[in-house]
Amino acid sequence: AQTIHQWPVAEIKAVGSPLSLGCTIKGKSSPNLYWYWQATGGTLQQLFYSITVGQVESVVQLNLSASRPKDDQFILSTEKLLLSHSGFYLCAWSAQGKDSDYTFGSGTRLLVI
Amino acid sequence: GDSVTQTEGPVTVSESESLIINCTYSATSIAYPNLFWYVRYPGEGLQLLLKVITAGQKGSSRGFEATYNKETTSFHLQKASVQESDSAVYYCALASITGNTGKLIFGLGTTLQVQP
Chain D
1 AQTIHQWPVA EIKAVGSPLS LGCTIKGKSS PNLYWYWQAT GGTLQQLFYS ITVGQVESVV
61 QLNLSASRPK DDQFILSTEK LLLSHSGFYL CAWSAQGKDS DYTFGSGTRL LVI
Chain U
1 GDSVTQTEGP VTVSESESLI INCTYSATSI AYPNLFWYVR YPGEGLQLLL KVITAGQKGS
61 SRGFEATYNK ETTSFHLQKA SVQESDSAVY YCALASITGN TGKLIFGLGT TLQVQP
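Residue numbers (the working numbering), protein chains in the order written: chain D, 1 to 113; chain U, 1 to 116.
Calculated from the structure, these hints are not laboratory results. Don't take each hint at face value.
To be verified - The calculated DSBU-like cross-link candidates involving lysine-lysine, where the alpha carbons are at most 35 angstroms apart (straight line), are: (1) D:13 - D:26; (2) D:28 - U:51; (3) U:70 - D:28; (4) U:51 - D:70; (5) D:28 - U:79; (6) D:28 - D:13; (7) D:26 - U:58; (8) U:58 - D:28; (9) U:58 - U:79.
Please build the complete structure, drawing on both the sequences and the hints.
And the structure:
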């Protein structure tokens, strides 16, 4: 069975500090990977997607970056956090194919102060 | 672009009452998008509740049902008798097409509070 693990569960960070969020998928080779974000009071929106190792596409510009260093790993990061980065971050994966399901991790709650 | 609109919350109902959470969608990237309901229980991540990929069909799970209505572009979530354990945030979503992959377009989420 496939599992998706996200870390950390929660973070409180200072404005201007760096951030790194991680996601690992086990039991599925070559998944499509995604980062979603929800600001307080906002909707979940896709930030990045990756269909293969080393390739990441940005969907929304938020002064964040993402990388896929391994087939099963997806990293979200920034060197300087903004207050507006606060929110809930979700990693997800899907198989190839338009009718595939999306499976989400348990999420990371980020508060920037 | 594609969008999803759903009932604004919070919605408060008493245990054993019926529930309907409205969801309508607008899809421009794909004629008949796959439609989903996701649920987020307190302290947990997002879980797929049900999914329907064919217009006119109904999906069901855990006592919840939703019918894909292409005429009204709706996918309302219903349950005949809610339980306290159904308290959660419910998200309606459609699968949009972006280049050679897809993305889920979510509604704002509806917080459901079931009172004992």
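Outcome of the hint check:
| no. | hint | in the structure |
| --- | --- | --- |
| 1 | D:13 - D:26 | holds (29 angstroms) |
| 2 | D:28 - U:51 | holds (21 angstroms) |
| 3 | U:70 - D:28 | holds (34 angstroms) |
| 4 | U:51 - D:70 | holds (30 angstroms) |
| 5 | D:28 - U:79 | holds (34 angstroms) |
| 6 | D:28 - D:13 | holds (32 angstroms) |
| 7 | D:26 - U:58 | holds (32 angstroms) |
| 8 | U:58 - D:28 | holds (29 angstroms) |
| 9 | U:58 - U:79 | holds (13 angstroms) |
In terms of the numbered hints stated before, the structure departs from none.
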